[in-house]
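Undergrad: Here is how the chains run, residue by residue.
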Amino acid sequence: MIITEKPTAAKRIAAALDAAKSPEEIKKGKIAYYECRRGDDELVVVYALGHLFELQQVEKGWTYPRLESKWVPKYEVDKKATNIKPIINLIQKLSKDIDEFIIATDYDIEGSLIGYLTLKLACKADPMKAHRMLFSSLTDADLEQAYSSKGGLDFPVIEAGHVRHEVDWLYGINMTRALTLSIKKVAGWFKVVSTGRVQGPTLSFVAERERLINLFVPTPFWTIHTIGNHKGNEMDLEYFKKQLSSRQDANRIVDELIGQDATVDSLNQRTVTQQPHPPFNLSSLQAEAYKHFGFKPSRTLAIAQSLYLDALISYPRTNSEMLPPTLDIKGILTGLGGMKDYAQMAKSILRGNLVPVQGKKTDPAHPSIHPTGEKPTKQLSPSDKKVYDLIVRRFLSLFGEPMIKNHLRADITCGIHKLYTRGLQIVKRGWSEFYGPYFKAEEKTLPNIKQGETIQLVSVDFENKYTQGPPRFNPASLLKLLEKENLGTKATRSSIVDSVKSRGYTQGDKFELSTLGFAVFETLAQYIPDILSPRMTRQLEIEMDNIQEGTEKRENVIKVAKTRLLSYLEEFKNKEDQIGETLVNGLQRYWKDTEELGPCPKCDDGILRVVRSPKSGKRFVGCSNYKEGKCDQTFPLPQRGTISPMEGMCPYCDHRMIKVVSGRRSWTTCINWSRCPGRQEDLKALDERRSKKKVDETGGQES
Amino acid sequence: MRDCKICGRKSGDEELCEYHQSALTNLKSAYEIWSEAEEHLAWEEYIKQVNELEETGRWVKEIIENIMSQNGS
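So the protein sequences, as listed, match chains V and L.
So for the first sequence, my numbering puts the first residue at 1; every next one is plus one.
So for the second sequence, my numbering puts the first residue at 1; every next one is plus one.
The shape of chain V in the complex, shown without the other chains (with noise of 0.2 angstroms):
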């Protein structure tokens, strides 16, 4: 029995081993397995759904302290994972008649360690006596080699994969329930305010990115702009001092400058060789894919995830950005020579020496990420399209040579005054020309000036500025602190900095501290901030790798983590008052922010606010007054985005403004958008393309 991880490589495994490439597919209603024959060997194919077991308490009742657990089927904690019991059932029939099992499950922590639950729990079969495929890629060759070269189980791997699960359990249900208890305590509310090893020190980083942008005076400064002509051509020319302190300076340069004539002191020119980016590991995969399309890193991951599973792409969750001697790159860049987007430039580097530029970090288990050259089998979805092209490109442009770049200066005097202009001209593309639209570089010509000629300043001006605040957060942002910090784990980050949002602890794109957010870091670091030090989380990291690395024992790491964790809720009942307090106020605060659009129109004495309706799920506009039967007021509000509270007034209609934040766009409206008399042009240009979206998406047979 080989047992995989998802449906998608099921199939593929079972294609790929089969002798015939033809696998029998044995449907069991919603679910299937596969069988396949290999030389004398009878293979039976299965797979999991991800994790078919799950961590849950021992003792009974939502309350904490709870530290015992136990592996448990993931149905049986999660109500909503009713497709995980036929799974579990057909894996323990099929076992029965089993004389060897074979992990095939990704290869890493998590694979390795829903591999060992499976075939543990369901299978009820030995660990020690089965055996482990390791690969990188979903490709044919690859899962014959791991098929043919397949070991023992990586039980260190696996070890480290329980402590991270246990340790994660831990935190995250106990410091969970203390903070949701003592709002309860509190105010009577059950609400869950949620926190863990990760998210609280991901957390604070938000917030004192929040405090710095908070606390933020911006200072004046002045910019210098010239313009000189030469010979009847115009250039810019640039202050040497990009920035004046004072406007008295910028008023003194200005008068000294304009209508003089500057000399041209040198010219220079410094040529730049510049080799290709390294290859890709996944979060500089997540970077590029976010600065060029916007897509969040968990979606790059989903998408990359899927890419690989169609064994277009190696395996995505890996640090590497090396590519391993033995990898085919020959076959690789054959197979995307094969494909009409990237036939010439896969031919023209098959000419040349095919050595890649390498990286620095490395990865025990993976190379970087690297297109297989597999041709894809099906049509790929816009968003799947763009990462894949930028792999392949990424991929091909390693191969390519060096840029040569010419930065231009020509140093212009004008009495004491020095300015300047500066040129690109790039000689040789080199590998950016395979890189292609994710390489941007403005070549800039340098005016046909020399030395010792004379420019007339014809425009002289300045410009009042100011300093910015801190950029907030954007996921890539946010993701890149976190791998600095080593916090979390390549596979884990993305959805790190996703519940972040998703818990309401930041809002917009941007990550905004919301109120609530603030109110959970204020309360965690005002009554127990390790919990929110990235030293303690960071510390626990370290002693799982050394656990994968055999140097520490499971058990060692689990006491200390309990003996830790026992403190912090002792601290935390100590103060739970307090605690319960300080979040009740902050949930108010918060509320109040994000519900409350001011004083009824209609009553005068009801508060509007958002809510849901019980029935449709929808949102809307509705006055507090509605349950005392008072009054019926409400306004429709669009279903899709966060939605925030503004302080002014239509100037139509003067009902209240908000701000509608949908994945990168905003935009801001009133309350009566749909009748508010200064928008229906708006709504009439809005239902006009959506009539014609619709008319698109069926070609017209409507009309």
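For the record, the hints were derived by calculation from the structure and aren't laboratory data.
Given the structure is predicted, the values throughout are model-derived calculations rather than measurements.
Among the clues, some could well be false.
Stated by the list, open to error - In the EDC-like style, the derived pairs of lysine to aspartate or glutamate whose C-alpha atoms are separated by at most 16 angstroms in a straight line are:
| no. | chain 1 | residue 1 | chain 2 | residue 2 |
| --- | --- | --- | --- | --- |
| 1 | V | Lys465 | L | Glu54 |
| 2 | V | Lys120 | V | Glu100 |
| 3 | V | Lys124 | V | Glu100 |
| 4 | V | Lys242 | V | Glu463 |
| 5 | V | Lys444 | V | Glu238 |
| 6 | V | Lys630 | V | Glu647 |
| 7 | L | Lys61 | V | Glu647 |
| 8 | V | Lys150 | V | Glu100 |
| 9 | V | Lys85 | V | Glu54 |
| 10 | L | Lys10 | V | Glu238 |
| 11 | V | Lys70 | V | Glu54 |
| 12 | V | Lys60 | V | Glu35 |
| 13 | L | Lys10 | V | Glu522 |
| 14 | L | Lys28 | L | Asp3 |
| 15 | L | Lys5 | L | Glu18 |
| 16 | V | Lys465 | L | Glu18 |
| 17 | V | Lys562 | V | Asp530 |
| 18 | L | Lys10 | V | Glu581 |
| 19 | V | Lys129 | V | Asp99 |
| 20 | V | Lys501 | V | Glu485 |
| 21 | V | Lys465 | L | Glu62 |
| 22 | V | Lys11 | V | Asp310 |
| 23 | V | Lys465 | L | Glu52 |
| 24 | V | Lys418 | V | Asp261 |
Start from chain V and add chain L according to the hints.
TA: Positioned in the frame of chain V, the structure of chain L alone reads:
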């Protein structure tokens, strides 16, 4: 135990919580930079200008609004 006169957070024995106190300190120290940058800039004119800037932090704006309301402007 007192409450911050701006946001109502607990502020110990002080009039302002730690956030608004820090905002006031920043506002005062930036006045020195502004005074060197702009000749004869009065405090009232300074805070008015800072309040109008989009980049100014939220807590700083709240402090300014409080000062302005006290001055009756």
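Undergrad: Holds or violated: are the alpha carbons of Lys10 of chain L and Glu581 of chain V at most 16 angstroms from each other?
TA: 11 angstroms, holds
Undergrad: Quick one, are Lys70 of chain V and Glu54 of chain V close enough, alpha carbons at most 16 angstroms?
TA: 8 angstroms, holds
Undergrad: Given the proposed pairing of Lys242 of chain V with Glu463 of chain V, does the C-alpha separation stay at or below 16 angstroms?
TA: With Cα atoms ~11 angstroms apart, Lys242 of chain V and Glu463 of chain V stay inside 16 angstroms; holds.
Undergrad: Is Lys28 of chain L within 16 angstroms of Asp3 of chain L, Cα to Cα?
TA: This hinted pair is violated, its Cα atoms lying about 22 angstroms apart.
Undergrad: When you check the alpha-carbon spacing of Lys11 of chain V and Asp310 of chain V, does it fall within 16 angstroms?
TA: Satisfied, since the Cα-Cα distance of roughly 10 angstroms is no more than 16 angstroms.
Undergrad: Take a quick look at whether Lys61 of chain L and Glu647 of chain V sit within 16 angstroms of each other, Cα to Cα.
TA: 14 angstroms, holds
Undergrad: Please work out if Lys630 of chain V and Glu647 of chain V have their alpha carbons no farther apart than 16 angstroms.
TA: At roughly 26 angstroms apart (the allowed maximum being 16 angstroms), Glu647 of chain V and Lys630 of chain V break the hint.
Undergrad: Please work out if Lys444 of chain V and Glu238 of chain V have their alpha carbons no farther apart than 16 angstroms.
TA: Measuring from Cα to Cα gives roughly 15 angstroms; hence the hint holds.
Undergrad: Does Lys465 of chain V pair with Glu54 of chain L here, judged by a C-alpha cut-off of 16 angstroms?
TA: 12 angstroms, holds
Undergrad: Check the hint pairing Lys5 of chain L with Glu18 of chain L against an upper bound of 16 angstroms on the C-alpha distance.
TA: At roughly 12 angstroms apart (the allowed maximum being 16 angstroms), Glu18 of chain L and Lys5 of chain L satisfy the hint.
Undergrad: Run the distance test for Lys10 of chain L versus Glu238 of chain V: straight-line Cα separation, threshold 16 angstroms.
TA: Roughly 51 angstroms separates the two Cα atoms, so the pair is violated.
Undergrad: Between the alpha carbons of Lys150 of chain V and Glu100 of chain V, is the straight-line distance 16 angstroms or under?
TA: 12 angstroms, holds
Hint check: violations occur at hints 6, 10, 12, 14, 16, 20, 21; the rest are consistent with the structure.
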